[in-house]
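Same order as they appear, the protein sequences are chains R and A. Number 199 marks the last residue of the first sequence (numbering that gives the first Met the number 0); no jumps. Number 624 marks the last residue of the second sequence (numbering that gives the first Met the number 0); no jumps.
None of these hints come from the bench; they were simulated from the model. Here the structure is a predicted model, which is why all the values come from computation and not from measurement. Backbone N, C-alpha and C define an ideal beta-carbon position, used for all residues, glycine too. Wrong hints could be hidden among the right ones.
[Claimed, not checked] Where chain A lies over chain R, by a calculated footprint (3+ residues, C-beta under 8 Å): (1) 34 to 47; (2) 50 to 57; (3) 77 to 88; (4) 142 to 149.
[Said to hold, decoys possible] Looking from chain R toward chain A, a few residues come up when the C-beta cut is under 7 Å (computed): (5) L5; (6) I24; (7) K27; (8) V31.
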Amino acid sequence: MSEVALLQLIGLTVVGCGILILLFITSKFLRVVGFVVIVLGTFTLIALGVPQMPSLPPAIETFDIAKVKTPDDLASIGQKIFFSKGQCALCHSIGPSESARCPDLKGIGAKLAPEFIYESLTEPQAYIYLDFRHEGLPKEYPARMPHINKNPIALSKQEIYSVIAFLQKMSGEPISVKVEDVLGVGEEGDVKVASVHGAY
Amino acid sequence: MKNPGTIETRHSWLPKVKPASLFGWSVVWTLLLLPACVWAQDAATQAMSVEYRDIPGLGSRNVIWVIAQQHLLLAGFVLGVPIFAWVCEIVGWKTKEARYDTLAKEFTKLLTSAYATTALFGGILLFLLIGLYPKLMAYLSDVFFPSFILYCILFLLETVTLYLYWYGWDAMQGNKKGFHLFLGFLLNLFALGIMIVPNAWATFQASPVVVADGTAIDRAWAATWNPTWWPVNIHRLIANVVLGGFICGAYAGIRYLLAASQAEREHYDWMGYVGNFIGVFGMLPLPFAGYWLMREIYQYNQQMGITLMGGFLAWLFILQAMLIGVLFLGANYYFWMGITYRIPGSEQSYKRPILAMLIVLMVCLGVWMTPHSLVASLEEARKMGGTHHPLLGVFGVMSAKMTVANLMILVTFMSFIMYWRAGKQETSGWAKMAKAVMGALLVIAGIAVIVLGVWGYFVPAIIRINYFSVAQVLIVLFIMITFTPLTAVLMKSAKTMTEMVWGRMPIRAAYCLVSNAVMVILLMSLMGYARSSSRVHWHVYGVMRDTSDYAYSPALGYAAAFMSLNTFVFCLLVAFIFWVATMGDKGKKGPERGQPAEEPAKIPMDATPAMAGGAPREGEATPKG
């Protein structure tokens, strides 16, 4: 018996019990209980009558950086990180968006050098916008950007380079991040497999 | 001066050992225990790496689902009842009608036991979450720890205020009533804090923001101010008022059925009216709050919005429409029964408007329940030219649903106005003019809502969402805000032609009140499932993925079975709380004292609902030009 059929059977039994209570029980409180049971059973039966679609999770993808052969491979890993572990899409959009709370990153790969992007990600306060349009000391506007290489996001160098490759690719630029440079990154060189999902 | 022998005397059971041998024993024990320490360290490391634990047979998620739902519903109840009680107390204080104060006290009495039960379920939920979802809880603790402390402080303040409010009720009458009302205000203020702090944790899971560097307080504050925090706060606050009102109504309905005397019937009939009034009063702005929440969700993440409204949860909104429709019908039906049975003679003059309102409500409900895309066979789809029905398909879109939702709110509001005016004759010279203006405004508002709804089909979605839907909401709010004071002024000088008669409602009115409460509880359970499922396979949307065996959202039928179970358990819990809280009263007036049962204060036959403005008796009317 399928799960839906079993639940329908239970629902019908519950409604039946409610009807029996209303027919044969005289206690007023129990009759109210019977009425509630009929309402709830009917609701369940109606819900079982609409299309039953569970929402299944997508398979967890792992990316073996050792298998990266071309800059495009790197960019596709960067795209996944951008929309998941990196949490970039929580604030940034690619293209104009009403919901974006931070700068639009469309074309950013063409406007900025990879070194500058790397520095912006790992040291967001390196360059602070100063407003001189008033008397006295200039007003500072520190970036609300977190350090991407530190907790809680904590992307590795390889992952940051992958994201930069993605930003360059979606800006229509040739990807200047070299695969061999990424694979030869020092401190996390031994980390070959980056689990894009699940970490924080 | 210390007596060196004291210690030895007191602990004479200790073996007498020399310091050198003590050291030796220590070394031996250390060597013996060393492997155990290493094992314990391994176990600790292992425990730290555990992401999930399960409860075999039941499933961790199912257990959390039931406990969390009970906690949330009870929390809604204990946060809604103080608002309800406080409003009743203020009404009683302003109108000098003791029955409102008695009603407020009757419900506050429930709070102490309900509060303990809520805290009990909260504690169980916390232990289960720590045990079953350690990784998620470690993450949330890391982000929100300062707000945990704030939550504890608010709980302490709420508890102290509740004790003062309840135990000081009789002592703080007369001159001290103002202070008691202030305590009621504080009680609700702390309750609001208790609600919005955990809302931050839950909404952060659905709409997280990047938690930047900074102190623990900075990080917690940043996470708290996430995009859906305030929309959920407002939505839940209103929903709690609705829950409190309709549960009061259901309680009154059951007591009405069980009433042994006419005086009891009158009292509980009146209580049912007040409960239903407060429930409806809260229900009218609730769809607007829900609309704001959905708008924020769409703005935050369009994919999440699509999952809710157009994805696998789309059918959930048809069920929601059904429940809201039944609730609107129930609330209106109760008003109409009130006109028929409490105000004899009025049923004839309101028969036609009631029929028209019923037809409008049914048509609106039909439109609201029309699904966007039908589940059709290939042949059926070919005949229809797609999954949309050629004729009914137009009703499946948001423009139609927003229109009918607004119309249903208008109709319900007019039912209330009708009930208010039934059995009274306006005496003001400008009454005719005022009624004509109100009638014209109502017709214009109805037409405007429909025109905007139809126009909405021909403009881009963003124009409809940002301007047309907002305009529809503002039109309905305008009607409610202008009609209420205008009717209150009209009724102030009106003659009461037919006296209000309490305690004559038919049995089905009591069942109607119970049905309204069940609908609200089911709706809260349904939308809780919707909010949770909109995160799909994420604990924290886009940040922390659910990698457990329960990372999927179950289908609606399975979920509905759980919702029904949760609703039933909650109803039983509330019934138990009511029973426990009123057990003492029965004892006091019980037959063992050899006295007849004490009956509630008889409500005067000419008593008019103060919450609907009230009206003086015929002789007291003060006609003004």
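Hints, verified against the model:
1. 34 to 47: holds (count 11)
2. 50 to 57: Per the Cβ count (8), the hint holds.
3. 77 to 88: Per the Cβ count (4), the hint holds.
4. 142 to 149: holds (count 5)
5. L5: violated, 10 Å
6. I24: violated, 13 Å
7. K27: holds, 5 Å
8. V31: Since the shortest Cβ distance to chain A is 6 Å, the answer is holds.
Violated hints, listed in ascending order, are 5 and 6; each of the other numbered hints is respected by the structure.
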